[in-house]
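Peer 1: Okay, here's what each chain looks like letter by letter:
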Amino acid sequence: MVFETLQVSIIIMNKEKIIQVEKLTKTFGNFTAVKGITFDVYKGEIFGFLGANGAGKTTAMKMLIGISNPTSGKAIVAGLDVATQSDLVKMNIGYMSQKFSLYDDLTVNENITFFGGIYGLSRKQIKEKSIQLVEELEMQNVANNLVGALPLGWKQKLSFSVALLHEPKIVFLDEPTGGVDPITRRQFWEMIYTQAHKGTTIFVTTHYMDEAEYCDRVSIMVDGVIEALDTPKNLKQQFKVNSMNDVFLKLARNIE
Amino acid sequence: MKRFIGFVRKEFYHIFRDKRSMFILFGMPIAQIMLFGFAITNEINNVKIAVLDKSKDTETQKIIQKISNSTYFDIEQELSSESQIEAVFKRGKVKAVLVFENDFIKQLQTEKNAKVQVITDATDPNIANTISNYVTAMLQNYMQDKNKINNQKHQIETQTQLFYNPELKSVFTFVPGVMTVILMLVSAMMTSISITREKEMGTMEVLLVSPIKPIQVIIGKVFPYIFLSIINAAVILLLGYFVFKMPIEGSLFLLAVESVLFIICALSLGILISTLSNSQQTAMMISLFGLMLPVILLSGFIFPISSMPLPLQIISNIIPAKWFIIIIKAIMLKGAGFSIIWKETLILVGMTLLFISVSIKKYKIRLE
Numbered sequence: 001m002v003f004e005t006l007q008v009s010i011i012i013m014n015k016e017k018i019i020q021v022e023k024l025t026k027t028f029g030n031f032t033a034v035k036g037i038t039f040d041v042y043k044g045e046i047f048g049f050l051g052a053n054g055a056g057k058t059t060a061m062k063m064l065i066g067i068s069n070p071t072s073g074k075a076i077v078a079g080l081d082v083a084t085q086s087d088l089v090k091m092n093i094g095y096m097s098q099k100f101s102l103y104d105d106l107t108v109n110e111n112i113t114f115f116g117g118i119y120g121l122s123r124k125q126i127k128e129k130s131i132q133l134v135e136e137l138e139m140q141n142v143a144n145n146l147v148g149a150l151p152l153g154w155k156q157k158l159s160f161s162v163a164l165l166h167e168p169k170i171v172f173l174d175e176p177t178g179g180v181d182p183i184t185r186r187q188f189w190e191m192i193y194t195q196a197h198k199g200t201t202i203f204v205t206t207h208y209m210d211e212a213e214y215c216d217r218v219s220i221m222v223d224g225v226i227e228a229l230d231t232p233k234n235l236k237q238q239f240k241v242n243s244m245n246d247v248f249l250k251l252a253r254n255i256e
Numbered sequence: 001m002k003r004f005i006g007f008v009r010k011e012f013y014h015i016f017r018d019k020r021s022m023f024i025l026f027g028m029p030i031a032q033i034m035l036f037g038f039a040i041t042n043e044i045n046n047v048k049i050a051v052l053d054k055s056k057d058t059e060t061q062k063i064i065q066k067i068s069n070s071t072y073f074d075i076e077q078e079l080s081s082e083s084q085i086e087a088v089f090k091r092g093k094v095k096a097v098l099v100f101e102n103d104f105i106k107q108l109q110t111e112k113n114a115k116v117q118v119i120t121d122a123t124d125p126n127i128a129n130t131i132s133n134y135v136t137a138m139l140q141n142y143m144q145d146k147n148k149i150n151n152q153k154h155q156i157e158t159q160t161q162l163f164y165n166p167e168l169k170s171v172f173t174f175v176p177g178v179m180t181v182i183l184m185l186v187s188a189m190m191t192s193i194s195i196t197r198e199k200e201m202g203t204m205e206v207l208l209v210s211p212i213k214p215i216q217v218i219i220g221k222v223f224p225y226i227f228l229s230i231i232n233a234a235v236i237l238l239l240g241y242f243v244f245k246m247p248i249e250g251s252l253f254l255l256a257v258e259s260v261l262f263i264i265c266a267l268s269l270g271i272l273i274s275t276l277s278n279s280q281q282t283a284m285m286i287s288l289f290g291l292m293l294p295v296i297l298l299s300g301f302i303f304p305i306s307s308m309p310l311p312l313q314i315i316s317n318i319i320p321a322k323w324f325i326i327i328i329k330a331i332m333l334k335g336a337g338f339s340i341i342w343k344e345t346l347i348l349v350g351m352t353l354l355f356i357s358v359s360i361k362k363y364k365i366r367l368e
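Sequences listed follow chains A and B, in order. Under my numbering, think of the first position of the first sequence as 1, with each following residue one higher. Under my numbering, think of the first position of the second sequence as 1, with each following residue one higher.
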């Protein structure tokens with residue numbers, strides 16, 4: 001018993017908070033999209049950020065990645081305040097949007113060079129990175145082909161790797177697997193796991209409830225408020241259901 | 001700076017790999033200047049006419065000779081009676097018929113007044129008008145020569161002298177006009193489309209999340225078009241100068257500076273349009289109908305502003321192209337210096353600042 005307690009305390013000590021959100025609020029005119037949400041994300045975890053369309057998750061995420069100013073409240077990302085240090089926040093995060101976010105009319109290598117360049121990587125770093133990245137993705141044969149000609153699954157994987165190019169502490173993924181086939185989705189999640197094991201924090205929004213099961217912890221937003229936040233296992237116990245899908249439906253129904 | 005170079009290189013990839021952009025950038029200016037220069041013209045050449053000479057005397061023969069010797073007219077047919085006139089027009093073979101009255105030479109010598117009737121096919125009113133002007137001018141010219149020989153006194157002569165464009169070459173108005181239209185098209189339309197494309201593709205979001213600043217994104221997107229617009233302006237001027245013999249009387253440096261000012265003005269308009277639209281289609285529509293049509297119709301390029309109704313004359317003042325056309329015509333044709341065109345220049349500078357400040361404001365609101 002004594003040993004067990006000791007172990008638990010070590011784990012909690014290791015849980016360094018990489019994102020701290022306190023009463024974060026965003027108002028557009030009369031409409032409050034995000035109503036004072038408070039939560040923490042720990043270093044190296046896969047954090048699922050769920051919610052129906054219009055629940056405010058995109059707005060909340062935009063504040064965390066520094067492209068939208070909070071109306072009130074506070075958000076600390078990688079130790080930096082998003083309201084006052086958004087430029088530094090941007091250096092420390094990676095981002096992959098739901099719309100495919102590479103340039104179709106540039107080749108694989110040109111995309112890597114371009115995005116490496118805007119994150120301030122040196123020419124040597126870019127060269128090393130692109131060789132390594134193309135190898136990992138097994139894209140040697142298409143490295144000089146236009147990205148537009150690649151299958152969607154490949155583009156998604158490339159897009160994820162490009163978001164990691166500057167070795168960010170946190171990666172924000174906005175519905176990264178929309179419109180991708182199940183096998184590719186599975187492969188994509190394997191990439192996410194690998195990256196999380198290396199210590200990168202993954203902040204992911206998704207519509208697929210089976211994907212929510214893969215996350216370490218999940219938050220569910222309804223009408224601008226976080227209604228639930230725990231591990232998928234605990235959430236299922238709490239709502240006495242067998243799947244995350246049912247958790248989601250139960251929450252959405254209660255609100256209505 | 002390295003980021004900026006990488007960004008500009010990316011923009012050039014976009015431009016050079018898109019056939020449509022390449023066509024608009026390089027095909028269009030040359031095609032337009034050639035079209036306007038050669039095909040669309042107010043001058044007449046080798047117009048076919050018919051003659052009905054009822055008098056058939058030495059005087060009418062000399063006049064007909066003079067007309068047929070000119071490059072403007074070819075005498076296609078000699079008619080013998082008035083009833084034939086309508087028939088030749090209906091067949092569409094000739095554009096005009098000259099009718100000399102009976103006893104032409106007698107009338108001229110005794111009454112000092114003989115009549116020539118010029119009947120024109122006015123289904124094309126511009127050509128009809130031009131033909132009658134040309135014929136009148138030639139007849140007057142003939143009479144003047146004749147009076148000089150006969151040493152007649154008390155003869156009033158009108159001497160018209162055309163300054164700056166003595167041969168009334170229409171290409172002199174087309175070159176500045178086409179240059180204005182092309183610069184507007186390349187600068188405003190192409191930049192607004194290229195910025196909205198990033199929005200549409202979702203790459204703009206990725207750029208905004210990156211450490212690169214919004215202002216750097218905009219400058220990076222605009223820079224290649226400044227460069228390409230300058231090349232375009234140079235190509236048009238060279239074509240105008242060497243192919244159409246358009247003079248450049250004023251300072252080449254001033255012309256270049258004013259052109260760059262207009263390019264920046266058009267670019268800032270393009271940025272403004274991109275902040276107003278979320279898709280490439282919208283940007284293109286706004287550029288075409290909001291910019292191209294006013295530029296072509298209201299800038300004085302084709303239709304003179306002074307003959308427009310008053311409301312349109314007032315509206316024409318807010319069109320940057322109007323001021324630029326005034327500036328380049330003054331520099332190229334009149335050799336005007338800065339002291340003459342400072343007011344127009346100031347207006348362009350003011351407009352540019354206005355567009356830029358409105359875009360910055362709009363851009364900030366969007367980011368909120």
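Heads up, a few of these hints could be off.
As the list claims (entries may be wrong) - So these bits of chain B aren't anywhere near chain A, every CB distance computed over 12 Å: (1) Val-47; (2) Gln-117; (3) Pro-125; (4) Gly-202; (5) Leu-252.
Stated by the list, open to error - Heads up, simulated DSS-like pairs for lysine-lysine below, C-alpha to C-alpha not over 27 Å straight-line: (6) Lys-54/B x Lys-129/A; (7) Lys-99/A x Lys-19/B; (8) Lys-124/A x Lys-213/B; (9) Lys-155/A x Lys-361/B; (10) Lys-2/B x Lys-124/A; (11) Lys-361/B x Lys-169/A; (12) Lys-48/B x Lys-2/B; (13) Lys-127/A x Lys-2/B; (14) Lys-361/B x Lys-74/A; (15) Lys-155/A x Lys-199/B; (16) Lys-169/A x Lys-2/B; (17) Lys-213/B x Lys-99/A.
Because the hints were derived from the structure by calculation, they are not lab data. All values derive from a computational prediction rather than experimental measurement. Here a beta-carbon is modelled for each residue, glycine too, at the ideal position from N, C-alpha and C.
Peer 1: If a hint holds in the structure, say so; if it doesn't, say that too.
Peer 2: Hint by hint, here is what the structure shows:
The Cβ of Val-47/B sits about 51 Å from the closest Cβ of chain A, beyond the 12 Å cut-off, so the non-interface label holds. No Cβ of chain A approaches the Cβ of Gln-117/B within 12 Å, the least distance being about 66 Å, so the stated non-interface status holds. Non-interface status of Pro-125/B relative to chain A is upheld: no Cβ of that chain comes within 12 Å, the nearest being about 49 Å off. Residue-level check failed: Gly-202/B sits 3 Å from the nearest beta carbon of chain A, not beyond 12 Å.
Every beta carbon of chain A lies more than 12 Å from that of Leu-252/B, the smallest distance being close to 37 Å; the non-interface claim holds. With a C-alpha separation of about 94 Å, the suggested pair Lys-54/B and Lys-129/A falls outside the 27 Å cut-off, and the hint is violated. At most 27 Å may separate the alpha-carbon atoms for a hinted pair to count; Lys-99/A and Lys-19/B meet this at roughly 25 Å. For a cut-off of 27 Å, the pair hint linking Lys-124/A to Lys-213/B stands: about 24 Å separates their Cα positions.
Proximity of Lys-155/A to Lys-361/B is assessed by CA-CA distance (about 35 Å); at most 27 Å being required, the pair is judged violated. This hinted pair checks out: Lys-2/B and Lys-124/A have alpha carbons roughly 13 Å apart, not beyond 27 Å. Between Lys-361/B and Lys-169/A the alpha-carbon distance is near 33 Å, which puts this suggested pair outside the 27 Å criterion. In summary, the hint linking Lys-48/B to Lys-2/B is not supported, as the alpha carbons are separated by about 66 Å, beyond the 27 Å threshold.
A hinted pair counts as satisfied when its Cα atoms are at most 27 Å apart, and Lys-127/A with Lys-2/B qualifies at roughly 15 Å. Proposed proximity of Lys-361/B and Lys-74/A is supported: the alpha carbons are some 26 Å apart, at most 27 Å. Between the alpha carbons of Lys-155/A and Lys-199/B the distance comes to roughly 19 Å, so the proposed pair stays at or under 27 Å and holds. The hinted pair formed by Lys-169/A and Lys-2/B meets the criterion: a straight-line CA distance of about 24 Å does not exceed 27 Å.
Taking the CA atoms of Lys-213/B and Lys-99/A, the gap is about 21 Å. The hint holds against a cut of 27 Å.
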